[in-house]
Amino acid sequence: MTEPEPIGVFLVDDHALFRSGVRAELERAGSAAGAGRTVSVVGEAGSVREAVAGIGHLRPDVVLLDVHMPDGGGAEVLRKTHTDWPDVVFLALSVSDAAEDVIAVIRAGARGYVTKTISGHELVDAVRRVQTGDPVFSPRLAGFVLDAFAQRPGTGAVGDPELDLLTPRERDVLRLLARGYAYKEIGSELFISVKTVETHASSVLRKTQLSNRYELSRWASDRRLV
Amino acid sequence: MQRLQRVRSGRVVAGVAVGVAEHLGVPVLWVRAVFAALAGLGGAGVLAYGLLWAFLPEGPGSGQPPNPKDHQQALGLAALGVGLALASTALGTSWSSWITAPLGVALVGAAVVWREADETQRQRWRSGAGAVVFGGGRIAVLRVLAGAGLVVAGTAIFLLGQINLGQVQFGLLAVLATLVGVAVLTVPWWLRLMRALGEERRARIRTTERAEIAAHLHDSVLQTLALIQQQPDSSREVRRLARGQERQLRSWLYGPQGYGRTGRDAAAPPQLSEALSAAAGEVEDIYAVSVQAVVVGDCPADEAMSPLVQATREAIVNAAKHAGVSEISVYAEVEPAQVTVFVRDRGSGFDPDAVGDDRHGLADSIHGRMERNGGSVRLRTSPGEGTEVQLIMPRPKPGEDEPS
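The listed protein sequences derive, respectively, from chains A and B. Residue numbers for the first sequence follow my numbering, so the first one is 593 and each next one is one higher. Residue numbers for the second sequence follow my numbering, so the first one is 62 and each next one is one higher.
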């Protein structure tokens with residue numbers, strides 16, 4: 593059996609100290625064999641410009657993207673690279689916790705969002721998951737998305753029900769994600785397979801990215817949840 | 062640029078002229094000539110020299126020794142000035158005073174503007190001294206012509222008045238015309254002065270702001286970092302300090318009355334999300350665990366919600382004390398009819414039936430409190446499987462959910 597290639601990760605963060613910390617964590621937790629493909633850091637960037645150049649040059653598998661950076665932040669990096677290299681998967685990593693920033697990066701194309709306080713082991717796990725195409729909903733992101741799709745008095749009209757509403761099942765999955773459940777635990781809780789949980793999560797992510805619902809944009813601009 | 066001062070090196074009388082020349086960046090000869098010329102106007106130059114001598118501080122100057130030629134020239138000019146002053150007083154002051162007074166006023170005004178301007182402003186003025194008066198296209202030319210015309214008219218009328226035995230109205234008119242002329246001529250100077258003052262005010266506001274941020278960071282972050290350095294071996298303590306500091310900084314930056322918010326009502330009633338975050342934070346501080354709180358929707362943290370907040374806090378405390386894990390998830394969802402809170406850990410779990418009767422935390426603080434207030438509790442746990450406490454509290458007036 594041949595050793596699978598390690599997942600190439602590219603770090604984008606304007607704090608060098610944080611980059612070196614993540615790099616150390618990833619290499620410590622990501623080189624352990626057995627759990628899945630190993631993870632190796634192939635490059636890093638401290639600014640939007642460096643990131644765009646580096647991603648184009650190195651073609652990493654996964655980009656860990658800081659939400660808050662000078663010159664437009666993670667969303668700007670996504671706008672400049674996502675169409676050119678659709679195979680590169682982006683995972684937002686931030687201390688921000690401000691809903692509008694997180695939602696903006698997700699809508700720009702990131703496949704997930706985790707907070708910077710995540711442990712090295714969980715981070716490696718999240719990298720593996722996004723690399724295989726699964727979205728990564730940290731509890732906080734699940735909460736933001738639930739909030740964004742909430743039906744409340746004063747909410748704008750639903751334009752396209754296919755995109756603008758969550759199905760009851762998707763809502764259940766999101767609630768459990770917000771409660772800190774892992775995919776496997778959600779599966780056994782709802783009596784569905786892990787694969788189905790992943791499908792629901794992907795569909796929620798797609799709706800978050802594509803829905804033009806009035807609420808999503810308005811909510812994102814005038815609300816800051818901490 | 063050299064400060065305005067009297068200099069010791071290179072001086073002939075008291076060093077005033079050299080000091081002024083160094084300050085303005087012009088040849089000292091010009092300054093001396095101006096003093097001499099002014100001395101001819103009723104001795105104004107002598108007076109000005111004397112005043113500057115009295116009021117300017119003495120300084121070392123740029124250190125160039127006087128060369129003999131300069132020295133001779135200076136003495137000559139000084140003598141000339143004194144002579145002119147004597148001559149003008151001998152001839153009577155009537156013809157020179159009307160020049161001296163407005164000229165003196167204009168010079169004092171210019172000096173005031175000069176002193177108010179800052180360094181870069183002066184640099185600009187000096188390099189573009191011509192442009193100040195003559196630059197700026199047709200409008201500026203018109204302005205200069207109008208100003209000059211008014212000055213000339215004022216002077217002429219005044220002279221006329223002198224000849225016609227000095228009528229008071231003529232005199233007033235002349236002074237007025239001269240003043241208006243001077244004002245028109247110096248409009249750009251005043252505009253720039255005002256702009257400079259506005260910039261200075263903005264800079265001061267920025268400085269205050271920066272000082273406030275620095276003070277806050279000093280009081281909070283630096284203190285915490287110092288504490289962390291003192292106990293690097295206790296990872297539990299370090300984590301507790303770091304979490305506490307993070308929470309404090311976050312609420313300072315993004316909180317409802319936080320620094321990063323604008324236009325928020327500072328007196329707004331606390332929201333449920335804040336109350337839950339505060340409860341989670343307290344437990345984090347006391348038990349050195351990390352509590353991840355996610356709140357969907359929000360409502361005022363009023364009387365009806367306070368049992369829920371307290372029960373939630375108790376549930377988090379239980380998890381922190383007994384579960385044996387360092388991470389606890391709290392999820393709250395506000396719906397029109399009810400508020401649901403989940404407190405979950407992946408810790409050791411327990412057998413609810415095996416809990417001794419002497420343990421009141423769950424029974425009294427959570428069950429009792431919730432049920433007394435119309436809420437309910439669901440518990441899901443078993444040994445090794447972690448614990449999840451579900452708290453449900455109906456909302457008093459269903460349907461009155463604020464749009465958020």
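If you are wondering where the hints come from, they were derived from the structure by calculation, not from laboratory data. Note that the structure is a prediction, hence the values are computed from the model and not measured. Keep in mind that the hints are not guaranteed to be accurate.
[Claimed, not checked] Simulated DEER-style distance windows between Cβ atoms:
| id | chain 1 | residue 1 | chain 2 | residue 2 | range |
| --- | --- | --- | --- | --- | --- |
| 1 | B | 276 | A | 794 | 45 to 51 angstroms |
| 2 | B | 300 | A | 724 | 55 to 61 angstroms |
| 3 | A | 648 | B | 444 | 35 to 41 angstroms |
| 4 | A | 709 | B | 265 | 18 to 24 angstroms |
| 5 | B | 295 | A | 675 | 33 to 39 angstroms |
| 6 | B | 387 | A | 757 | 22 to 28 angstroms |
| 7 | B | 443 | A | 649 | 49 to 55 angstroms |
| 8 | A | 679 | B | 266 | 45 to 51 angstroms |
[Claimed, not checked] Examples of chain B residues lying across from chain A (beta carbon under 7 angstroms, computed):
| id | residue |
| --- | --- |
| 9 | 114 |
| 10 | 392 |
| 11 | 401 |
Ideal Cβ positions, reconstructed from N, Cα and C, are used throughout, including at glycine.
Going through the hints against the structure:
About 48 angstroms separates the C-beta atoms of residue 276 of chain B and residue 794 of chain A, a value consistent with the hinted range of 45 to 51 angstroms. A C-beta distance of roughly 32 angstroms is found between residue 300 of chain B and residue 724 of chain A, which places it outside the suggested range of 55 to 61 angstroms. Remark: the range hint 35 to 41 angstroms for residue 648 of chain A to residue 444 of chain B is contradicted by a beta-carbon distance near 53 angstroms. Between residue 709 of chain A and residue 265 of chain B the beta carbon distance is about 39 angstroms. The supplied range of 18 to 24 angstroms is therefore violated.
One distance hint, 33 to 39 angstroms for the beta-carbon pair residue 295 of chain B and residue 675 of chain A, is violated here, with the actual separation near 50 angstroms. Roughly 38 angstroms separates the CB atoms of residue 387 of chain B and residue 757 of chain A, a value that falls outside the hinted 22 to 28 angstroms. Between residue 443 of chain B and residue 649 of chain A the Cβ separation comes to about 52 angstroms, which falls inside the hinted range of 49 to 55 angstroms. Against the hinted window of 45 to 51 angstroms, the Cβ-Cβ separation of residue 679 of chain A and residue 266 of chain B comes to about 49 angstroms, which satisfies the hint.
The interface hint given for residue 114 of chain B is broken, as the beta carbon of that residue sits about 55 angstroms from the closest beta carbon of chain A, more than 7 angstroms. The restraint placing residue 392 of chain B at the interface with chain A holds, with a minimum CB-CB distance near 4 angstroms, inside the 7 angstroms limit. At a threshold of 7 angstroms, the smallest CB-CB gap from residue 401 of chain B to chain A is about 9 angstroms, leaving the interface hint violated.
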